[in-house]
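Starting from the structure of chain A, add chains X and F where the hints point.
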Amino acid sequence: MAQAAKPSPWMALTSAALTLPAFSASVPDQVEIGISTTAYRESDQNPQSVLVGSVQRYDININQFYLITPIGRDWGLALDLSHESMSGASPWGTVSVVGANTQLVMSGATIEEARNELSLGITRYFDTASLGFSLTRSEENDYNATAMAVNGEWDFNNRQSTLAAGLSYSTDSIEPSDALSFGRTLKQARRSASFSLAWTQVLNRASVLQSGFSVTQHNGYLSDPYKLRDIRPRQRLETAINFRYRRFMHRSDSSLHLDYRYYHDDFGIGSHTLRSAWYQNLTDQFQLIPSVRYYSQNQADFYVGGDDYGLPETVFQSSDYRLSGFGAVTFGLQGRFSQRDWSVSVNFERYLSAAGYGLNASRAEHPGLLRFSLLSFGFDVKL
Amino acid sequence: MSYLTNMTRLLLFIIMLLLFSCQTVQPWQRGLLARPEMQLEPDRLQAKLHSQVYFSNEASSGDSEVAGAGCGCN
Amino acid sequence: MMQLKNLLCLIILAVCPGFGLALNEGMIAPGFSLRIFDQTEVRKSSDYLGKVIYLDFWASWCGPCQISVPQLIQLQADLNSDKFEVVAINVDEEAHRARRFLARYNVNYTVLADPAGHVAAEYQLTGMPSAFIVDQQGKIVKIHTGFRQGDMDGIRSYINELLN
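Chains as they are written, first to last, in my numbering: chain A, 41 to 423; chain X, 333 to 406; chain F, 134 to 297.
The following block holds chain A by itself, in its conformation from the complex:
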């Protein structure tokens, strides 16, 4: 049983514009390669919260690779590959009984599944601007997606300001596994189109601020076909504004990163994300990076704590924990060892979510809220 409403690769493309060194459009100097392997482990459910099914959540191993190279004088190429293998169970639905806590109906333990993604981007660099195009393809046994994006960057103001704009489009299709046996929808599709704009400003010799805005429209099948009862609108309009601030601190030889995003969509969900990281140089070669992230969202308009089979199928409803009101905190620590042309890193993160952490939580906490840990090892080299 694959995880619900599959990862769409179009997200990659919307932000491709911001992948480039954001405050100057320049051809890559050298060939650069990076690899990373990550173990992602979701904590088991409390057995008392599970009515039927597995208590185990998802375990995912993620392997990533990238290559950036200049081509001739004016062009650059970027290749990204990703392979994930996952196994585990996820919530199918909820059961609410008056006077008792909501309980989960979980899927059974699953067979191992894999997802592969490939992304290729090519960029033409001009004197103070660049224009790029990229294509991404993602495949899984029950899901596939194709996306393309165009993005441009323009430096002005003595290269102190950069304006980046991106446009992307993707089509996804899902064919749920075991559709007939479980009475699931057979094949569905959706399309997404997105526009983003970001302005990066060098504030002084030691700090920079990026302000961005993005809007996305989804059309088609947006429900989760693996849930017992999940009926969502066939359109979704999302907007987000975000800020990223970077500041170098002379006295401590460190850098502060501060990111904030406000998100809003017409499902009625609004969210705040605040992330901070502190890049501390311990020696010329070793860096320690603690980070903390706070997230809060309110519930979707059609969110229900317990699946209601009494409602007709024309009424929107979903008991997906991802649409409930909750908050989450992530603590992270990364260590990086760098030499002239290469570096290795280890990163550990722990994510905890609870209704009580949120600013505008759902009245009853969803029993399926997630806790996970992840551990990554990365290596990159310039050739």
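In case anyone wonders, no lab produced these hints; they're calculated from the structure. Being a predicted model, the structure only gives us computed values, none of them experimental. Every residue gets a Cβ at the ideal spot worked out from N, C-alpha and C, and that includes glycine. Careful: at least some of the hints might be erroneous.
Which stretches of chain F does chain X cover? Using the computed rule of at least three CB atoms under 8 Å from a CB of chain X, they are [as the list claims (entries may be wrong)]:
#1 217 to 228
#2 245 to 256
#3 263 to 275
Think about it this way: if two alpha-carbon atoms lie no more than 20 Å apart in a straight line, the pair counts; the simulated SDA-like pairs of lysine to any residue are [unchecked claim]:
#4 Lys422/A to Gly159/F
#5 Lys184/F to Leu212/F
#6 Lys422/A to Arg367/X
#7 Lys422/A to Ala366/X
#8 Lys422/A to Gly196/F
#9 Lys184/F to Gly159/F
#10 Lys422/A to Gln282/F
Using the frame of chain A, we list chains X and F on its own:
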């Protein structure tokens, strides 16, 4: 939702303050800004990973630590 | 209101750079007097009259500088140093970073130190790296900003023309 409007106003005010403080930085004075840890996204793969992980587990999308992400499952 | 203030900031920034007269090809190269990197000996711009010089402003943090350095070493090796010299001016504020960068290469040309960026300001650099080809009479004949693969061919032929 008035706290939201107030928050937005506060944010915009802070942004304006920051922008007003901007100074001219000459091309030869960009050494600190060129440091890897001063980039908007120092770690490409971690950024993509985070974007995917959070997009899969939360309702929101649209750039936070994101630079090239991949994924969307809600 | 926010847009107006942003616009104001941008206008101010746009107007700021460009103190005095803009430096163009055809003008006399501004004079300088700088210490050789990591030494006490001083070199003056007047020391180079009679030679064609490739005045290259660089820093350890500038990516394209890593492409240009080996090619400049080759250029200096190929041409008679009585008639042509590469003069590299380093603008790193932290000398140890420039030192580490230089340790990787067998540089066969003079490297001068301009950590405060005064000479860089005189030459009104618009990007990094920035190079000025100065003829035997001390006149700037070519300004080359940035450095990409393949740029050296054009630079070489230009210099060869000047030498003949």
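The hints, checked one at a time:
For the region 217 to 228 of chain F, the stated coverage by chain X holds: 4 residues have a C-beta nearer than 8 Å to a C-beta of that chain, and at least 3 were required. Counting residues of the region 245 to 256 of chain F whose CB lies closer than 8 Å to any CB of chain X gives 3, so the stated coverage by that chain holds, three being the minimum. For the region 263 to 275 of chain F, the stated coverage by chain X is not satisfied: 1 residues place a CB nearer than 8 Å to a CB of that chain, which falls below the threshold of 3. A threshold of 20 Å between alpha carbons decides the hint, and for Lys422/A with Gly159/F the separation of about 39 Å lies outside it, so the pair is violated.
Our distance criterion of 20 Å between C-alpha atoms is met by Lys184/F and Leu212/F, whose separation comes to about 12 Å. Of the pairs offered as hints, the one joining Lys422/A and Arg367/X holds, with about 16 Å between alpha carbons and a cut-off of 20 Å not exceeded. The straight-line distance between the Cα atoms of Lys422/A and Ala366/X is roughly 16 Å, inside the 20 Å bound, and the hint therefore holds. Our distance criterion of 20 Å between C-alpha atoms is met by Lys422/A and Gly196/F, whose separation comes to about 12 Å.
Proximity of Lys184/F to Gly159/F is assessed by CA-CA distance (about 16 Å); at most 20 Å being required, the pair is judged to hold. About 16 Å separates the Cα atoms of Lys422/A and Gln282/F, which keeps this hinted pair within 20 Å; it holds.
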